[in-house]
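Residue numbers (my numbering), protein chains in the order written: chain B, 1 to 343; chain C, 1001 to 1362.
Hints are supplied without guarantee of correctness; some may be wrong.
Calculated cross-link-like contacts (lysine-lysine; reagent style DSSO-like; alpha-carbon spacing at most 30 Å) [said to hold, decoys possible]: (1) C:Lys1112 with C:Lys1222; (2) C:Lys1249 with B:Lys82; (3) C:Lys1249 with B:Lys199; (4) B:Lys131 with B:Lys82; (5) B:Lys66 with B:Lys16; (6) C:Lys1249 with B:Lys16; (7) B:Lys78 with C:Lys1249; (8) B:Lys131 with B:Lys199; (9) C:Lys1249 with B:Lys66; (10) C:Lys1249 with B:Lys131; (11) C:Lys1136 with C:Lys1112.
Cβ-Cβ distance ranges computed for the label pairs, FRET-style [said to hold, decoys possible]: (12) C:Ile1199 with B:Ser29: 44 to 54 Å; (13) C:Thr1188 with B:Pro80: 16 to 26 Å; (14) C:Pro1272 with B:Glu43: 31 to 41 Å; (15) B:Arg147 with C:Phe1089: 22 to 32 Å; (16) B:Glu43 with C:Gly1185: 29 to 39 Å; (17) C:Ala1187 with B:Asp19: 17 to 27 Å; (18) C:Arg1264 with B:Glu307: 40 to 50 Å; (19) B:Asn121 with C:Gly1204: 43 to 53 Å; (20) B:Lys16 with C:Val1337: 17 to 27 Å; (21) C:Phe1102 with B:His206: 55 to 65 Å; (22) B:Ser258 with C:Leu1198: 16 to 26 Å; (23) B:Arg147 with C:Phe1102: 31 to 41 Å; (24) B:Pro2 with C:Thr1188: 36 to 46 Å; (25) C:Tyr1083 with B:Glu128: 47 to 57 Å.
Honestly, the hints are just simulated from the structure, not real lab data. Predicted model, so just to flag it, every value in this text is computed and none were measured. Where is the CB? At the ideal position from N, CA and C, for every residue including glycine.
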Amino acid sequence: MPDPILSIRDLTVEFKTEDGIVRAVTDVSYDLMPGEVLGIVGESGSGKSVSMLSILGLSPQGQIPKGEAVYKGDDLLKMPQKQLREIRGGDMAMIFQDPMTSLNPVLTVGNQIIEALLVHNDGMKDDEAQKRAIQLLELVGVPSAERRIDQYPHEFSGGMRQRGMIAMAIANNPSVLIADEPTTALDVTIQAQIVEVLKAARQETHAAIVLITHDLGLIAELADRVVVMYAGRVVELADVFTIFNEPRHPYTVGLMNSIARLDAEQEWLQPIPGQPPSMIAPPPGCAFHPRCTFSRGRLPCRTDVPELRQIGDSAPHVSRCHYAEELAEAQVVAGAAALEEGR
Amino acid sequence: MTERAPGDDTRAHDREDVAITSFSVGQPASAHGNPGSVAVPEEPIAPLTPALAMGPSEYEAPAADLLAQQAGVEPKARSQWAYARIRFFRHKMAVISLVVLFLICLVAIFAKRVAPYGYDELDLFNITSPPTTTDKHLFGTDLLGRDYLSRVIYGLRTSLWVAFFVAFLSTAIGTTIGSLAGYYGGATDNMLMRFTDLILTLPGLAVLLTAATFFGNGDPLKVGVILALLLWTGIARIVRGVFLSLREKEYVEAAKASGAGDARIILRHMLPNALGPIIVNTTLIIAAAILIEAALSFLGFGIQPPHPSLGTLIDDGQGEGFEKWWLVTFPGLVIVVIALSINFIGDGLRDALDPTQRRVRA
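Could you put together the complete structure from these sequences and hints?
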């Protein structure tokens, strides 16, 4: 097995608010392999974005994350600002959620791509950068790039802007590309196009992609492995087929059940009952237990925080559930039962 | 870990049992909308998979442009500044004021050619003559027989010079302090803003008079510096406010994520977005500086004779009463015209640069 390109260990991120300390991310550990697409799934507020932003030193309020994020032998969290800045946008680039607000309205799209190039390539000439920017725009499928490079963001549609953002992100051939909900702000047909662009970007740069999303369709389309996060913790981690076919955490099962499927006889979607927990005072024990249909109020769920355990013995598959094995048998029945209940 | 090499294409087939539909892959939308319809599709619709393989040549004429050309609507690319210019020129008073101010500035710049006499040239045959159209003294002469039109023109020159200098310097100081405070926030912000508050609490006129007495010596440059050191606070506060909100913008975060340093983010990404309020307030400072300089000179602490400024001219005339009305009226009128037109221009600029604040839709 190759060495991971990015190795996150026990990452904890806390925010101080007026109501108390919010633990947005708790003891998150995972590895990112070179060239793979790692999907991070979870509800809003599950800490999926914060975990990535904080290792790049981009999270708001300047709080200091604990743990380690080792990139090519260096811990990003202990790195001096200057070195971290060179990595940002160079080796590790980011694609943001909302292309409508992530481009500066007073600079042309080309200017912003050229800037990303010039920041990381000392001595690059302006016309070289211009040429490269046009190439990048063509790569991401922006038509008549020579003309559009001089246009302002407001002259671009949402899909085109997101293409521009992707061009900016891959400008310096990053080895890690962090896509923070890259399709959430776009409509469905454009989403599909952006997925193609992401695939092309990946082929061009051979970058490992961290795909942060709550769109399981996107995960199914792109990801090799999936991290499921709930209330700031990793609750399940496995390759994409295992996650979809044999989920071993009730939350993952709930996510799967809440997707609209074409192949299932299904009249109602089954949402996960309840609300995400308060991050200031998370429930004791397993953070998911108040909403869990499998816990049935069992004591360990309410008192002990479950550990991440290896499930089965074939592929690496970990789950943070006391009764993960039960799910193996119960899943189909429970799914059917829940379906019945929903009716 | 997974044995599969990343990007393995067989995965797509394996995954058909998953059948997720939260987005539909590859719905090639029709590229030929209603012919003759003026509606221009926003997105040049691209066939899905081959889109990336296609060279730019196949893309030369996207559907949007074609449709637009057919309909006779040529989409014209305009920058934000172009839109601002268009909006500014809709503001009639602002445009008139701009022309007036431009002419006044021309007169001031070319004072030596425009003014019929030097500012200290005496005409001893015509001491304190009232304005005449027949005679050679259009604005009359003062107590020493100096041509008043020339003195007003030279005074205008001094006053405008001081005003623009003050506006430039105080904008520079205010923008620097405000942007640093707004960008860094926290302790930096606190320190800089408390300093700003301190300057604001100073009794302006008293400090001005004292400073002018000790350091001013009637030198326009020094008077300008003193004024600027007191007038930058408003801009600093405004710029800080704008920067505080800009700091949270996603494009600033995106710039940070692409590795831009603090200086680059402040100068290239945030400052241009804050330019609207800065420009508007600079124009207001010009007007304020003209008035304050006039007041200062009127009190005898600003520009010293024989150098004329609009304030000193009024000061000279104020003791002479109504009979020699022209001594106060002409410089006063000029001050009013300048201050008014600058305020109108500021108004127009505000509407042009921040259309969301507009009260009346054109």
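Do the hints match the structure? See the list:
no., hint, in the structure
1, C:Lys1112 with C:Lys1222, "23 Å, holds"
2, C:Lys1249 with B:Lys82, "22 Å, holds"
3, C:Lys1249 with B:Lys199, "28 Å, holds"
4, B:Lys131 with B:Lys82, "28 Å, holds"
5, B:Lys66 with B:Lys16, "14 Å, holds"
6, C:Lys1249 with B:Lys16, "21 Å, holds"
7, B:Lys78 with C:Lys1249, "26 Å, holds"
8, B:Lys131 with B:Lys199, "23 Å, holds"
9, C:Lys1249 with B:Lys66, "26 Å, holds"
10, C:Lys1249 with B:Lys131, "29 Å, holds"
11, C:Lys1136 with C:Lys1112, "17 Å, holds"
12, C:Ile1199 with B:Ser29: 44 to 54 Å, "52 Å, holds"
13, C:Thr1188 with B:Pro80: 16 to 26 Å, "20 Å, holds"
14, C:Pro1272 with B:Glu43: 31 to 41 Å, "37 Å, holds"
15, B:Arg147 with C:Phe1089: 22 to 32 Å, "27 Å, holds"
16, B:Glu43 with C:Gly1185: 29 to 39 Å, "30 Å, holds"
17, C:Ala1187 with B:Asp19: 17 to 27 Å, "24 Å, holds"
18, C:Arg1264 with B:Glu307: 40 to 50 Å, "45 Å, holds"
19, B:Asn121 with C:Gly1204: 43 to 53 Å, "51 Å, holds"
20, B:Lys16 with C:Val1337: 17 to 27 Å, "56 Å, violated"
21, C:Phe1102 with B:His206: 55 to 65 Å, "59 Å, holds"
22, B:Ser258 with C:Leu1198: 16 to 26 Å, "58 Å, violated"
23, B:Arg147 with C:Phe1102: 31 to 41 Å, "36 Å, holds"
24, B:Pro2 with C:Thr1188: 36 to 46 Å, "44 Å, holds"
25, C:Tyr1083 with B:Glu128: 47 to 57 Å, "32 Å, violated"
Checked against the numbered hints given earlier, this structure breaks hints 20, 22, 25; the rest are met.
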